[in-house]
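Mapping of the sequence shown onto my numbering: residues 1 to 392, in sequence order.
Where hints are given, some of them may not hold.
[To be verified] When the alpha-carbon atoms are kept at most 25 Å apart in a straight line, the in silico BS3-like pairs for lysine-lysine are as follows:
#1 Lys19 / Lys308
#2 Lys96 / Lys142
#3 Lys19 / Lys142
#4 Lys96 / Lys112
[To be verified] Label pairs and their computed distance ranges (CB to CB):
#5 Glu269 / Glu150: 40 to 46 Å
#6 Ala376 / Glu297: 19 to 25 Å
#7 Glu390 / Ser322: 44 to 50 Å
#8 Ala376 / Tyr145: 42 to 48 Å
#9 Asp375 / Leu65: 36 to 42 Å
#10 Pro233 / Val295: 21 to 27 Å
Calculated from the structure, these hints are not laboratory results.
In this text, all values refer to a predicted model and were calculated from it rather than measured experimentally.
Ideal Cβ placement from N, Cα and C applies to all residues, glycine included.
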Amino acid sequence: MSWHERYAANIMNTFGPPKLVLVRGSGAHVWDDAGREYVDLLGGIAVNALGHAHPAIVEAVTSQLQTLGHVSNLFATAPQVELAERLVTLLGTPSKVFFSNSGAEANEAALKLSRRTGRTHVVAATGSFHGRTMGALSLTSKEAYRLPFEPLPGDVTFVEYGDSEALAAAVTDRTAAVVLEPIQGEAGVVFPPAGYLAAARTITTEAGALLWLDEVQSGMGRTGRWFAHRAVPELLDNPPDVVTLAKGLGGGIPIGATIATGAAADLLEPGNHGTTFGGNPVACAAALAVLDTIVREGLLDHVEFTGKRLADAVAAAPEVTSVRAAGLMIGADLDADIAAAVVDAGREAGFILNNTGPRTLRFVPPLVLTDDDVDAFADAWPGILAAAKEAV
């Protein structure tokens with residue numbers, strides 16, 4: 001039996017048939033089981049911050065596992081404490097961290113934390129994606145994800161993303177939190193209008209509600225900043241109450257983090273929440289290696305430069321009607337419903353691509369993407385689009 005047949009026979013069909021069987025990776029490149037090489041412009045959906053098989057992560061995980069692999073949260077470990085200290089320093093405001101295993105779990109922790117305000121109402125945005133566990137799903141707007149599992153828990157009001165007036169109207173004195181992505185990834189890399197996040201800070205403060213920013217996809221250097229919301233001047237002095245992280249934080253090793261600032265940092269008390277694997281020293285060591293490498297290799301500046309080159313390459317095609325980019329978080333709209341065909345044609349040309357809608361592409365490659373990778377894509381891009389148009 002082939003790997004595809006064995007996959008179909010033994011793994012639940014929650015993702016559809018896999019497009020490839022990948023056997024190894026290096027930097028921003030992966031190889032399939034037939035030995036074919038691809039440039040990875042998806043990065044495990046924004047996870048592989050340092051690409052594949054980065055020596056820093058390999059060394060950190062190997063060394064930590066040879067030293068101390070798992071102890072439960074009945075005990076502390078140095079990597080756990082050091083990573084929390086690093087994240088608090090990067091956020092730049094007094095705060096505390098809860099570690100989990102994924103973005104959905106980071107958001108579940110934030111949702112439970114919001115209940116400790118004594119309020120239960122949460123306001124979320126259209127186009128949002130916060131995860132697929134039941135609590136996180138209740139905050140996710142996409143009907144295709146929600147409908148099979150309704151009724152979902154919680155008292156959630158959805159408002160148009162970017163509409164400050166709608167947000168102000170939805171937030172009341174019974175609202176526990178407003179949860180927003182600084183940049184919506186699943187929606188196709190959608191930015192709010194200028195002033196929206198600052199308005200959200202004002203609205204929540206006046207209502208006594210928490211402002212919770214989901215940086216699961218946009219955080220940890222993806223936009224050229226440690227946190228995407230740090231591009232909003234008003235949030236530098238008045239930071240969000242909660243920030244959630246995952247994806248790029250562990251560079252491929254599962255880890256999530258819920259960071260609560262100020263008084264919100266003490267809302268959860270012993271017994272309120274827990275996780276067996278969260279804060280695992282191996283995952284924390286990997287995350288520390290990611291942070292160290294981003295600094296040592298100057299990847300924040302690299303992301304800005306390389307992201308602009310990639311965005312310009314994408315935008316150069318006449319079939320592309322708009323490009324939205326912050327660093328290496330890039331969304332592109334096409335002039336026809338050919339995005340899925342573009343992904344297929346890209347794969348045939350040796351590039352791992354991703355579409356988030358019928359005519360929307362998302363590029364979230366490893367932060368170590370090279371100029372040569374961008375040049376190779378730029379050369380192939382017209383042919384990929386031509387092949388896609390011919391296929392539909």
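Evaluated hints:
1. Restraint check for Lys19 and Lys308: the C-alpha separation of about 29 Å exceeds 25 Å, so the hint is violated.
2. This hinted pair does not check out: Lys96 and Lys142 have alpha carbons roughly 31 Å apart, beyond 25 Å.
3. In summary, the hint linking Lys19 to Lys142 is supported, as the alpha carbons are separated by about 24 Å, within the 25 Å threshold.
4. Between the alpha carbons of Lys96 and Lys112 the distance comes to roughly 15 Å, so the proposed pair stays at or under 25 Å and holds.
5. Judged by the Cβ atoms, the range 40 to 46 Å given for Glu269 and Glu150 is violated: they are separated by roughly 31 Å.
6. At roughly 21 Å, the beta-carbon separation of Ala376 and Glu297 lies within the given 19 to 25 Å, and the hint holds.
7. For Glu390 and Ser322, the Cβ-Cβ distance of about 23 Å falls outside the hinted range of 44 to 50 Å, so the restraint is violated.
8. The beta-carbon spacing between Ala376 and Tyr145, approximately 34 Å, falls outside the hinted interval of 42 to 48 Å.
9. At about 38 Å, the beta-carbon gap between Asp375 and Leu65 stays in the expected band of 36 to 42 Å.
10. A C-beta distance of roughly 23 Å is found between Pro233 and Val295, which places it inside the suggested range of 21 to 27 Å.
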